[in-house]
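Protein chains in written order, with the working numbering: chain A, 412 to 537; chain B, 412 to 537.
Simulated from the structure, these hints should not be mistaken for lab results.
Bear in mind the structure is a predicted one, so any value in this text is a computation, not a measurement.
Every residue gets a Cβ at the ideal spot worked out from N, C-alpha and C, and that includes glycine.
Careful, some of the hints might be misleading.
[Said to hold, decoys possible] Facing chain A, from chain B, some residues (calculated, C-beta under 8 Å): (1) Ala421; (2) Phe443; (3) Ser492; (4) Val534.
[Claimed, not checked] Simulated restraints on C-beta separations: (5) B:Glu427 <-> A:Pro493: 36 to 44 Å; (6) A:Asp510 <-> B:Gly455: 18 to 26 Å; (7) A:Ala421 <-> B:Gly494: 40 to 48 Å; (8) A:Arg490 <-> B:Pro526: 16 to 24 Å; (9) A:Glu476 <-> B:Glu476: 16 to 24 Å.
There are 2 protein chains.
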Amino acid sequence: MTDAYQAVAAYWAAIEARDWETLAGLVAAGVFYEVPQTRERVTGREAFVRFCADGFPGEWHIAVERAVGQGRHAASWVRWSPGDDASQSGLSFFDLGADGLITRITDFWPEPYEPSANRAHLVEHY
Amino acid sequence: MTDAYQAVAAYWAAIEARDWETLAGLVAAGVFYEVPQTRERVTGREAFVRFCADGFPGEWHIAVERAVGQGRHAASWVRWSPGDDASQSGLSFFDLGADGLITRITDFWPEPYEPSANRAHLVEHY
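With the hints as constraints, model all of the structure from the sequences given.
Dropping the structure here:
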């Protein structure tokens, strides 16, 4: 159980609890958040907490599938459930400062796609 | 530098080098590989190495953006470049056995999507 692991566990617990004060205490003042798929960026603690608090209304829940932390790096795989039977995987990579605060978050929210036919003989399709 | 980190670094180095013998030595006999987005699965060392060796022809390269390992869990974010200017992010989560061999790999290959308009005022678009 590294500090980086604890930071990520606390991060998702705060988001699931909509505890924005705790979330603010986990990220650095200059935290940098990015979603490469949509080319969205948020810079700074205040803007980031507002993005989390106001950007995702509804009765969703987050369950952590995997969390890994080592030194100043961490990663997580969560399952986001918006209330019906559907759920989506979210993958996040975190950098931390020397003080243990999260300085950078890169989020990915992959969606289903059609597998390549030219490798169909090499896989099982479930 | 944990064993889990070393295993993941060696895994991507072997794939980049097309060194299938080394790759085979990094995964357990019953390794389980899954791509949730396409619902593709591969089970067992021999089938997995064949999938890697034969499923992805071409002159692609892999660069590791982040690798994190802790105990029996690890995660990586790589950039896959198929030879032209394009590149795609790949996110992988690994479980390891007590012997340090990789027992489970879950891969995600996210593609661009349109950001939600209802949070456009909360982000910068780059």
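Do the hints match the structure? See the list:
1. At a threshold of 8 Å, the smallest CB-CB gap from Ala421 (chain B) to chain A is about 16 Å, leaving the interface hint violated.
2. Taken as an interface hint, Phe443 (chain B) does not check out: its beta carbon lies about 11 Å from the nearest beta carbon of chain A, beyond 8 Å.
3. Taken as an interface hint, Ser492 (chain B) does not check out: its beta carbon lies about 15 Å from the nearest beta carbon of chain A, beyond 8 Å.
4. The beta carbon of Val534 (chain B) comes within 4 Å of a beta carbon in chain A, closer than 8 Å, and the hint placing it at the interface holds.
5. For the hinted restraint 36 to 44 Å between Glu427 (chain B) and Pro493 (chain A), the CB-CB distance of approximately 38 Å keeps it satisfied.
6. The given range of 18 to 26 Å is broken by Asp510 (chain A) and Gly455 (chain B), whose C-beta atoms sit roughly 45 Å from each other.
7. For the pair Ala421 (chain A) and Gly494 (chain B), the supplied restraint of 40 to 48 Å holds, since their beta-carbon distance comes to about 42 Å.
8. Between Arg490 (chain A) and Pro526 (chain B) the Cβ separation comes to about 21 Å, which falls inside the hinted range of 16 to 24 Å.
9. Distance hint for Glu476 (chain A) and Glu476 (chain B): a CB-CB separation of about 20 Å, consistent with the stated range 16 to 24 Å.
In this structure, the hints that do not hold are numbers 1, 2, 3, 6, in rising order.
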